[in-house]
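Participant: Protein chains in written order, with the UniProt record's numbering: chain A, 1 to 336; chain B, 1 to 336; chain C, 1 to 336; chain D, 1 to 336.
One or more hints might be untrue.
Same chains, same label: a pair holds when it works inside one copy or across any pair of copies.
[Stated by the list, open to error] Simulated crosslink set (EDC-like; lysine to aspartate or glutamate; CA at most 20 Å straight-line):
# : residue 1 : residue 2
1 : Lys315    : Asp299
2 : Lys88     : Glu308
3 : Lys314    : Glu203
4 : Lys88     : Asp99
5 : Lys314    : Asp299
Hints in this document: simulated from the structure, not taken from any laboratory.
Protein chains: 4
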Amino acid sequence: MENQIHRIGVLTSGGDAPGMNAAVRAVVRTAQDCGIECVGIRRGWNGLITSDFVQLGATSVSHIIDKGGTILYTARSEEFMTEAGRDKALSTCRLLGLDGIVAIGGDGTFRGALALSRQAAAAGYGLRVVGIPATIDNDIGCSHYTIGFDTACNTAVECIDKLRDTMQSHERCSVVEVMGRHAGHLALYVGLAVGATAVLIPERQVDFDQDIVEKIRQARLAGTTHYMVVVAEGAGSAADIGKRIHEELGLDPRVTVLGHIQRGGSPSARDRETASRMGYKAVMALVSGQGNCIIATQDGRIVDLDMEEALQMKKSFPMERYQILEALTLSGSHRR
Amino acid sequence: MENQIHRIGVLTSGGDAPGMNAAVRAVVRTAQDCGIECVGIRRGWNGLITSDFVQLGATSVSHIIDKGGTILYTARSEEFMTEAGRDKALSTCRLLGLDGIVAIGGDGTFRGALALSRQAAAAGYGLRVVGIPATIDNDIGCSHYTIGFDTACNTAVECIDKLRDTMQSHERCSVVEVMGRHAGHLALYVGLAVGATAVLIPERQVDFDQDIVEKIRQARLAGTTHYMVVVAEGAGSAADIGKRIHEELGLDPRVTVLGHIQRGGSPSARDRETASRMGYKAVMALVSGQGNCIIATQDGRIVDLDMEEALQMKKSFPMERYQILEALTLSGSHRR
Amino acid sequence: MENQIHRIGVLTSGGDAPGMNAAVRAVVRTAQDCGIECVGIRRGWNGLITSDFVQLGATSVSHIIDKGGTILYTARSEEFMTEAGRDKALSTCRLLGLDGIVAIGGDGTFRGALALSRQAAAAGYGLRVVGIPATIDNDIGCSHYTIGFDTACNTAVECIDKLRDTMQSHERCSVVEVMGRHAGHLALYVGLAVGATAVLIPERQVDFDQDIVEKIRQARLAGTTHYMVVVAEGAGSAADIGKRIHEELGLDPRVTVLGHIQRGGSPSARDRETASRMGYKAVMALVSGQGNCIIATQDGRIVDLDMEEALQMKKSFPMERYQILEALTLSGSHRR
Amino acid sequence: MENQIHRIGVLTSGGDAPGMNAAVRAVVRTAQDCGIECVGIRRGWNGLITSDFVQLGATSVSHIIDKGGTILYTARSEEFMTEAGRDKALSTCRLLGLDGIVAIGGDGTFRGALALSRQAAAAGYGLRVVGIPATIDNDIGCSHYTIGFDTACNTAVECIDKLRDTMQSHERCSVVEVMGRHAGHLALYVGLAVGATAVLIPERQVDFDQDIVEKIRQARLAGTTHYMVVVAEGAGSAADIGKRIHEELGLDPRVTVLGHIQRGGSPSARDRETASRMGYKAVMALVSGQGNCIIATQDGRIVDLDMEEALQMKKSFPMERYQILEALTLSGSHRR
C-alpha cells in the first residue's frame with residue numbers, strides 16, 4: 001500500500017494564515033521521512049496551471065516554522081475554477097508524476113482539490129488530495145480549529161490591549177473592527193479575551209439600542225469611563241457604528257480597523273504545533289492509502305474526514321459564549 | 001434552587017499561572033450577574049485560616065483580564081493540610097457565611113477543597129467547592145487543558161526563537177530547560193513548535209545515544225550547524241546534558257534555564273478566553289445546585305465533573321506526538 | 001534653597017504617550033526622596049480647575065512603570081486657555097499650597113504651564129513650572145527626544161512586520177498610515193526600520209511619480225513583488241494614496257491605518273529609562289531653585305532649559321535620513 | 001576620489017547582536033547605490049582566512065532587516081590574531097581585489113581590522129577598514145551607543161516584567177542575572193526600566209549590606225512584599241547572591257539567568273534605524289576617501305572617528321544614573 005505514493009505536491013491557497021509554513025514543513029519532512037518526494041507548488045492552484053513549482057528537500061523547509069506568511073506564496077485562481085484550467089493543472093501533475101496533493105487553505109481550496117481529483121479520475125489518473133484547514137477566520141465547517149486562528153486572536157488582543165491603554169487615559173470609547181466577513185468566531189473570542197463592553201457578530205442580529213447603547217450606559221453607571229466595542233467585519237462597519245454611538249450617546253469614539261495585521265506575524269505555539277501535527281497526519285493519510293480527505297480537529301483530536309462529507313458539514317456557532325460575554329461585562333445580562 | 005447560594009469565596013492557590021486573574025474576574029462578574037456576593041480570599045487557603053480576604057464587586061476586577069499573576073496572591077499552605085488548619089478555615093467560612101468556594105489551582109488545591117467540604121459536611125455545614133484547573137504544566141488528570149499552559153508555551157517558544165537566532169549565527173548547540181517537574185507536556189508542545197532537534201521528557205526513558213547524540217549527528221549530516229535540545233525540568237538538568245553533549249560530541253553547548261519567566265506575562269487570548277468560560281461555568285455549577293466539582297475541558301468542551309471522580313482520573317500522555325516530533329526533525333525517524 | 005519647595009503637583013496633559021507613568025513615578029519618588037509632598041492632578045489642567053486631585057505617596061506609584069497610558073488620566077482643556085480658567089486653577093494651587101508643578105505633555109501643555117506661572121507671579125504667588133516632553137510624535141522643538149516615541153516606533157514596526165508577511169505571501173502592495181499630523185519623525189524612523197519602499201512625510205513635498213510610482217517600479221525591476229509604502233498622517237491619506245497607486249500602476253494595494261494602537265502599550269526600555277531620568281531631573285530642577293524650565297534631551301544628554309527660550313526653539317528635520325532611506329531601497333537613489 | 005573603491009568586503013565578528021543584519025543590508029545597499037561591489041565574508045575574520053565568502057547583490061539582503069542574528073555568521077578567530085593568519089587573510093583580499101572592509105562587531109574586531117590594514121600597507125596594498133560597533137553590552141569606548149543594546153534591554157525588560165508577575169503573586173524575591181561580563185550598562189539601564197529594588201554592576205564595589213540587605217528591608221518597610229534584584233554577570237553570580245539573601249534575610253529568592261536570550265530576537269526599531277544609518281555612513285566614509293575609521297554615535301549624532309584614536313577612547317560610566325535608580329526605589333537614597 002505504502003508504495004503507491006512516490007511523489008506529492010504541496011500548496012497553499014486562498015488567504016494566507018500564520019502557521020501555513022509550519023504545515024508545509026511538516027508535510028515535506030514527513031514525506032521525506034516516509035521516502036516520498038515532495039514538490040512545492042507556488043501561488044496556489046495557479047502554480048499547477050503555470051508549472052510554477054520547486055522541489056523541496058528536508059532542508060528547504062528549515063527555519064520556516066516560526067515565520068508568518070507562506071514560502072510557497074498564495075493566490076486565488078479564477079482559471080482553476082474552470083474545467084479547462086484544471087485540465088492544464090492535471091497536465092502538470094502528470095508531467096511531474098504526482099500521486100497526491102496536500103492543499104493548505106480554506107473551503108474554496110478544498111472544493112478545488114476535489115474537483116481536480118474527480119477530473120483526474122475521469123481521465124483515469126489516480127490523484128488523491130488532502131486538505132489542511134488554514135484560515136484566521138476559523139470558519140471551516142468540518143474542523144473545530146483552523147490554523148492561524150490562534151495567532152490572529154493573539155494579535156488582535158495585543159492591539160486592543162494597547163488601544164485600551166490610551167482609551168482609559170482619555171476616557172474614550174473605542175470601536176475596533178476585526179476580520180471576519182462571514183463569521184464572528186474571531187470577534188467573539190477576542191471580545192471575551194479583552195473583556196469588551198460589546199461585541200457585534202454577523203451570526204446575531206444587532207439591536208443597536210440593546211446591544212450597544214444600553215451596554216455602554218450600564219458600564220458607565222457601574223463606574224467605567226471607557227468602553228471597548230469589537231465589531232466583526234461582517235457585522236457592520238466600525239466607522240458607521242462609531243458615528244451612531246456619537247449620535248446616540250454624544251461620545252466621540254475612536255475607530256480602528258485592524259485589517260491585514262491580523263493575517264501576519266510569527267505563528268503562536270498553538271498554530272505551530274497544530275500545523276505540525278496536521279501536516280504529519282496529511283501525509284500519513286496519503287501513505288495509508290486513504291481517499292480524498294480533510295484533516296480536521298474534532299472533539300479535541302486531529303482526525304481525517306472523507307473530503308466530500310467534510311465539505312457538507314456545517315459548524316454551529318457557539319452562541320452560548322455570547323451569553324457568557326454578556327454576563328461578564330459590567331452591564332451584566334440579568335440587569336437588562 | 002438558585003437562592004441556595006448567597007455568598008461565595010474565590011481563591012487562587014499553588015503555583016500561579018497566567019489567566020488566573022481572568023478566571024477570578026469571570027467568577028466575580030458571573031456571581032454579580034446572578035445576584036451572588038463574592039469574597040476574595042487572599043494567599044490561597046492561608047487566607048481562610050488567617051481571615052485574609054477582600055470583598056469583590058464587579059468593578060474590583062476591572063482591568064485585570066490582561067494581567068499576569070493573581071491579584072489575590074497565592075501560596076501553598078502546610079497548615080491547611082491538617083484538620084486543625086481546616087477547622088480554622090471553616091470558622092472563617094462560617095463567619096463570612098460562605099455557601100461555596102471556587103478554588104483556582106492544581107490537584108493539591110482541589111484535594112484541599114474536597115477535604116474542607118467534607119470536614120464542613122461532617123460539622124453539618126453545607127459548603128460546596130468548585131475547582132478550576134490552572135497550572136502551566138497542564139498536568140491535571142481530569143482536564144485536557146489547564147489555564148496558563150498556552151501562555152507558558154508561547155513564552156517558551158518566543159525565548160527559544162531568540163536563542164535560535166544567536167545559535168544559528170554562532171553555529172552552536174543550545175540546551176534549554178523548560179518547566180515540568182513531573183510532566184513533559186510543555187516540553188513536547190514547545191519542542192514541536194520550535195522544531196527542536198531533540199526533546200527530553202520525564203514520561204520517556206532517555207537513551208542518550210539514540211535520543212541526543214544520534215539526532216545531532218543526523219542533523220549535522222543533513223546540513224545544519226546549530227541544534228536545539230529542549231529538556232523538561234523533570235527529565236534531567238540542562239547543565240548536565242550540555243556537559244555530556246560536550247563530552248560525547250565535542251560541541252560547546254550554551255545552556256539556558258527558562259525558569260519562572262514561563263509563569264508570568266499577560267495571558268494569551270486562549271488562556272483569557274478559557275479562563276473566562278471556566279470561571280462562568282464554575283459559578284453556574286454552584287447556582288445549579290451541583291455538588292463538589294471540577295470544571296474541565298474534555299473533547300474540546302468545558303464540562304463539570306464530580307470532584308471525587310475527577311481527582312481519580314489519569315491523563316494519558318500523547319506519546320504519538322513524540323513520534324511526530326521525531327519524524328519532523330532533520331534526523332527523521334525512519335532513518336534510525 | 002532646598003526648603004523653598006514643600007509640595008508639588010504633577011499632571012499629564014494632551015495626547016497620552018507610553019512612558020508617562022514612568023515619568024509620574026519618577027517625579028513622585030524623587031519628591032519623596034527629597035522630602036517633598038506630591039499631589040497628582042487628574043485629567044490635565046482640568047484637574048486644577050475642578051480640584052480633581054489625589055495625594056501620591058511612594059507606594060501609590062508602585063507597579064506603574066511598565067503600564068501604558070497614564071494613571072492620572074489626560075485631557076485637553078479649553079477653559080485653561082482662558083485667563084478665567086487659569087484663575088480657577090490658581091485657586092486650587094493656593095488651596096493645596098503647591099510650590100511647583102511638573103507638567104508632562106507637549107508644547108501646548110508647556111505653554112499653558114508658562115501662562116499659569118506668569119499669572120501666578122502677577123498675583124504675587126510664586127509657582128514654578130517644569131515641563132517634561134512626552135508625545136509619540138517627537139515633535140517638540142527643544143528636545144531631541146520625547147517620551148513615547150520609541151514605544152510608538154516599535155509598535156508601528158511590529159505591525160508593519162506582520163503586514164509584510166501577508167503582503168509577501170500575496171505579492172501585494174501595502175500602504176500603511178502612521179501617526180504624525182504635522183511631523184514625519186515617526187514615519188521616517190519607522191520607514192527606515194522596516195525597509196520601506198517609499199515614505200511620505202509632511203516635511204517634504206510629494207512628487208507622486210518620482211516618490212511612489214518610480215520607486216515601486218524600480219523595486220519590481222530589482223525582483224521584488226511586494227512593496228511597503230509608509231505615509232505620515234499629515235502627508236496624505238493612505239486610502240487616497242492606495243487608490244492612486246491602483247490607478248497609475250494597476251496594483252491592488254491593501255491600506256492600513258495604524259491609528260491609536262501606536263499610542264498604547266507597555267513602554268519600551270528606552271521610554272521607561274528616559275522618563276525616569278527626566279522625572280528625576282524635573283524635581284531636581286525645582287529643588288535647586290531653578291526658574292520655569294523644560295527638561296530636554298540635547299546632544300544625547302538630559303538638560304534643563306529655560307522654558308521661555310525652549311518654547312522658541314525649532315527642531316530641524318533630519319532630511320539626510322530621507323536620503324539614506326532612498327539609498328537603501330532597492331530603487332536606489334543614484335539610479336533615478 | 002570616489003572611484004578608488006571598486007569592491008568591498010563586509011563581515012560580522014565577535015558576539016552577535018540584533019541589528020547586525022540591518023547593518024549588513026545597509027552596507028550592501030549603499031555600496032550598490034554607489035556602484036561598488038560587495039562581498040560578504042562569512043564567519044568573521046575566519047572567512048577571510050579560509051576564503052569563505054559570498055557575493056552580495058541588492059536583493060541578497062532583502063527581508064533581513066527584521067531578523068536577529070547575522071546571515072554572515074560570526075565567530076572569534078584565534079588564527080587572525082597572528083601575523084601568519086592575517087597574511088592568509090590578505091591573500092584572500094588581494095585575490096578578491098577588495099579595496100576596503102566594513103567590520104561589524106566590537107573592540108576586538110576593530111583591533112583585528114586595524115592590524116590587517118597595517119599589515120596590508122606594509123605590503124604596499126591599500127586596504128581601508130571601517131568598524132561598526134555592534135554589541136549588546138554597549139561597552140565600546142568611542143561610541144555612546146552600540147547596535148544591539150536597545151533590543152537586549154527590551155528583551156531583558158520583557159522577561160523581568162514576566163518574572164515580576166509571578167514574584168508579586170507569590171510575594172517573593174527575584175534575583176536576575178543579565179549579560180555584562182565587564183560592563184554594567186545593560187544592568188543599570190534595565191534596572192531603571194523595571195524599577196529594580198537593587199542593581200549590582202561591576203563598575204561599583206558592592207556593599208552587600210547597604211546595597212542589597214538594607215534596600216530590601218526598606219522596600220519591605222514601605223509596604224512591598226516582592227523584590228527585584230538585577231545583577232550584571234560581571235558583578236557576581238545571581239545564584240550566590242540569592243543564597244546570601246536567603247542567609248541574611250531568610251527570604252527564599254528565585255534565581256534566573258537570562259543568558260543568550262538577550263542576544264537574539266528581531267531587532268528593535270532603534271537598532272534597525274541606527275544600524276541602517278551606521279552602515280550607510282560606513283560606506284560613505286570609504287567612498288569619501290577617508291582612512292581607517294570607526295562609525296560611532298557621539299552627542300546624539302553618527303560620526304566617523306579615526307580608528308586608531310577611537311580605539312584609545314574610554315567610555316565613562318554614567319554613575320549618576322545609579323543615584324537616580326537609588327532615589328527612585330522605595331528605599332530612597334536620602335533615608336540611608
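Participant: Within a copy, between copies, both or neither: where do lysine 88 and aspartate 99 come within 20 Å Cα-Cα?
Facilitator: within (16 Å within a copy, 53 Å between copies)
Participant: Classify it for me, lysine 315 with aspartate 299: is the Cα-Cα distance of at most 20 Å met within a copy, between copies, both or neither?
Facilitator: both (13 Å within a copy, 16 Å between copies)
Participant: For lysine 314 vs glutamate 203, is the C-alpha pair at or below 20 Å within one copy, between two copies, both, or neither?
Facilitator: Within one copy only: 13 Å inside a chain, 38 Å across chains, cut-off 20 Å.
Participant: For the identical chains here, do lysine 314 and aspartate 299 meet the 20 Å Cα criterion within one copy, between copies, both, or neither?
Facilitator: both (15 Å within a copy, 18 Å between copies)
Participant: With identical chains, the pair lysine 88 and glutamate 308 could be close in the same copy or across copies; at 20 Å between alpha carbons, which is it: within, between, both, or neither?
Facilitator: neither (23 Å within a copy, 63 Å between copies)
Hint violations for this structure: number 2 only, all remaining hints satisfied.
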